[in-house]
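Please build the complete structure, drawing on both the sequences and the hints.
Spelled out from the first residue to the last, the chains are:
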Amino acid sequence: MAFNSGRDSVVPGQLVWVDVHTVMTMDYLGKQCFKAFESLGTDKQLFDKERVICVSDHLVPPPTEQWATMLNEWRAIVKSYDIPNFYDLGRQGIAHQVMVEQGHVLPGKVSIGTDSHANTYGAVGAVGNAIGVTDAAIAMATGKCWFRVPETVKFYIKGTWQPWVMAKDLSLHIMGMMHWNGHLIYKSLEYCGPAIEALDMAGRMTLCNMTVDLGAKNGIIAPDEKTAAYLQPAAKGQWDFIASDDDARYDAVYEVDVTNVGPTVSRPDKLDDVVPVEQVVGTKFNKAFVGTCTNGRTEDFAIMAAILKDKQIHRDVNMICIPASTQVYLECLQKGYIETLVKAGAAFETSSCGPCAGIHTGVAGDGDIVLSAGNRNMKGRMGSKKAQIYLTSPAVVAASAVRGEITDPRTFDV
Amino acid sequence: MIKGKAWVAKTYVMSFEMIIQQYWTSPIDPVENARWVMAGVDEAFNKENGFKDFGYTFIVAGHNFAGGGKSIEHCITGLMGAGIKAVFATSFARLQFRNAINYGMPFITARDMNLGCDTGDELEYDPESGIIRNLTKATQFESVPVAPFVAEVAAEGGLMSFIRKKIADGSIADLH
Ligand code: SF4
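Quick note, the sequences are listed as chains A and B, same order.
The first sequence stops at residue 435 when you use the working numbering, and every number in between is there.
The second sequence stops at residue 180 when you use the working numbering, and every number in between is there.
Incorrect hints may have been included.
Quick list of in silico lysine-lysine cross-link-like pairs, BS3-like style, CA-CA up to 27 Å [said to hold, decoys possible]: (1) A:Lys291 to B:Lys14; (2) B:Lys141 to B:Lys89; (3) B:Lys169 to A:Lys70; (4) A:Lys247 to A:Lys356; (5) B:Lys170 to A:Lys65; (6) B:Lys7 to B:Lys141; (7) B:Lys7 to B:Lys89; (8) A:Lys400 to B:Lys51; (9) B:Lys170 to A:Lys56; (10) B:Lys170 to A:Lys70; (11) A:Lys400 to A:Lys291; (12) B:Lys89 to B:Lys51; (13) A:Lys400 to B:Lys14; (14) A:Lys407 to B:Lys51; (15) A:Lys406 to B:Lys51; (16) A:Lys356 to A:Lys332; (17) A:Lys65 to B:Lys169.
These are computed hints drawn from the structure, not numbers from a lab.
Given below as structure tokens:
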């Protein structure tokens, strides 16, 4: 933060204007961002049109006439600015996935987006932050955004990942420890330790993604060789390795031994009502969903394909899978995961947020019990307030889908 | 000095219930957003101008006011349009806290004040001293002081006017 605000150092609580590397906005707030931007009096001059990233993700393909019209307005405005980085239907993806996989977020730089899960960018060592329309409009004009320098909380994760345990399980485990929007409100979270170094980029994205649901300002993982290898083909811009100062001060330090973390489930309505899978084994459900900016990546479908190979999804379960981006879709196609999952009885949709926020492609109705690998399970999140949503990892969803009841993948005969 | 009636939240107030899904894409406008603000928070507010018509001036809440993680600014403009002059809470969800600062809407941190207030109580807030008096109960609460930047933005009528002015007079490059 110090570097990006042109200072040698900053202290927690200080309010500073920071240079942003990229600003992301998407279909359902984007038009409002451009309109607000136009009212600032910069004669429609964007600070840098290469660094204003526009994505269609919540509303594509449009489920209603009203949204089709909204999307047309959105496309018209993006086109009028000749935005080179416009990820529209056909090249679309969930904005946060696109931002990371297309190299629009870089280590040590600040990127902002008009959606809460912008925290995902921390997976590559960037500061990712969610903002509203006003902040986006101002950043589009000036390249700057104000921030209150946060206190930092460190999570040191040690131990060895157990079979079928995923970053999502750790994320839910920490949710249970710290509570939903609880003690970590306004804080910056730093994940480190051998179990984080062992994690692939997909897992790091899952972990940073859900820091927003802990109430945190952002979540960050120091970049390493894996980050470099991941960014190398796509990175748009130069970057350096950065790490915390050796004398960095932490508001608190927590240690978790991942060896003791098993598959984990959040029970309906309250994200922090978290239990080890054993406690809910046998719970029947009728809908399964894997996708979202939390768990819609190639690695997530890979583990599902490993579990569901030559198996059949239970007749009472409807499973919807939505790759987080077109690139993920293509990778899954090329690696054969989609074929395996479709043969098992899963339905695939083109990349979008899908039913995650109750918008389209598989929303929940009255009485539905959904087992989801998404990120939020409050009443009404996926549609009906009379539906229940259990959240867990893609591995638990896949194993459970075969039996039609929540199943511990460790006890599942693969 | 601001005086008026308070609404006290009984449980978590979530942003996605302050503005329910069908209005997420509506224009950001105090009058428009006030028609349906808080519709999902309480059955009593679930009709047109439902919250506004109660004529509250303040909201008093516990932890994580406006939580749940939506970035929509309609929550703030809706409250403004409904006549809310300040929200007092033990803590605020950071996204809406930010939006409130940007709109010059006082989101004032006052710990556990919700425990000593009831809906309908008459409050008096002094922005200078940060003191909140509950005239009905004859009690008094202190709040966390507001940062100078926040007061400056509020005095300009919000961040958009603040920045617009700086762009117009060429001082925008001095932001730091
Ligand atoms: S997938 Fe869900 S949580 Fe992620 S950006 Fe879309 S609606 Fe939000």
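- Query: Given the hint that A:Lys356 pairs with A:Lys332, does the C-alpha gap stay at or below 27 Å?
  - Reply: holds, 18 Å
- Item | Straight-line alpha-carbon gap A:Lys400 to A:Lys291, limit 27 Å | Roughly 8 Å separates the two Cα atoms, so the pair holds.
- Query: If you draw a straight line from the CA of B:Lys170 to the CA of A:Lys70, is it 27 Å or shorter?
  - Reply: holds, 22 Å
- Take the C-alpha atoms of B:Lys7 and B:Lys141, compute the straight-line distance between them, and say whether it is at most 27 Å. Between B:Lys7 and B:Lys141 the Cα gap is close to 14 Å, so the pair holds against 27 Å.
- Message: Tell me if the straight-line CA distance from B:Lys170 to A:Lys65 falls inside 27 Å.
- Response: holds, 16 Å
- Could you grab the alpha-carbon distance between A:Lys291 and B:Lys14 and see if it respects the 27 Å cut-off? holds, 17 Å
- Is the straight-line distance between the alpha-carbon of A:Lys400 and that of B:Lys14 27 Å or less? Since the Cα atoms of A:Lys400 and B:Lys14 sit roughly 17 Å apart, the hinted pair holds (cutoff 27 Å).
- Taken at face value, is the distance from the CA of B:Lys169 to the CA of A:Lys65 at most 27 Å? Roughly 16 Å between the alpha carbons, so the hint for A:Lys65 and B:Lys169 holds.
- Message: Does B:Lys89 sit within 27 Å of B:Lys7, going by the straight-line distance between their CA atoms?
- Response: Holds, at about 9 Å.
- Given hint B:Lys51 paired with A:Lys406 - CA-CA distance at most 27 Å: holds, 18 Å
- For the pair supplied as a hint, A:Lys407 and B:Lys51, confirm whether the alpha-carbon distance does not exceed 27 Å. holds, 21 Å
- Distance restraint between B:Lys141 and B:Lys89, which requires alpha-carbon spacing of 27 Å or less: holds, 20 Å
In terms of the numbered hints stated before, the structure departs from none.
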